[in-house]
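*Asks:* Going left to right, the sequence shown walks through residues 843 to 998 as the working numbering numbers them.
Read the hints as simulated data drawn from the structure, not as lab findings.
Don't be surprised by glycine CBs; every beta carbon is placed ideally from N, CA and C.
Take the hints with a grain of salt, since some may be wrong.
Between beta-carbon pairs, the in silico distance windows are [stated by the list, open to error]:
#1 ASP853 - THR891: 43 to 49 Å
#2 ALA913 - ASN869: 32 to 38 Å
#3 PRO915 - LYS856: 25 to 31 Å
#4 ALA913 - ALA953: 29 to 35 Å
#5 SER901 - SER872: 15 to 21 Å
#6 THR849 - ALA902: 28 to 34 Å
#7 THR891 - VAL845: 52 to 58 Å
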Amino acid sequence: MAVVQSTYSDDYAKGYAGMIANGETSNRISRTVEDATAIGFGKAVFRGTGDHGVTATPSANLIGITIANYAAPPVQATGAQADSYPQYSTAGILTQGVIWVVAGADVTDGAAVYVGDGDPLTAGAFTDDATGNVALAGWVFQDTVSSGALVRIAKR
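Produce the complete structure using the sequences and hints provided.
*Replies:* Structure follows, in structure tokens:
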């Protein structure tokens, strides 16, 4: 029989975007994705225009953070599952609890969470800078990390 894997890492990833970080009390809901572009796991979503709908377009009406679900349907254009929820699919959303996301800037433990608004380079990025960004009321960073690193955010 052929050897499939013969080397193993000494360390493993501590998490991935959209992964529930621990067993603390949390609240999870589902909503329909309205955006034509798929919404990635571990992204902030906001109230959409239709009943039960969500969008990744930042607004004052935060719903929560998308939960990773590897049973999510594939993206129609490619047929591949791309760590995202395609349009009209049902997205799992965390409204309270602790979840892993990717920091869009250097962030500090205990700082309030904001999401980038407007600028295409920072739209949807998690940051602790209030300037020109949308506040995610009640959410705080749980780690001090550099831009691009995994970080836990919590709402308790």
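*Asks:* Among the hints numbered above, which are violated by the structure, and what are their numbers in rising order?
*Replies:* Result: hints 2 and 6 break, sorted rising.
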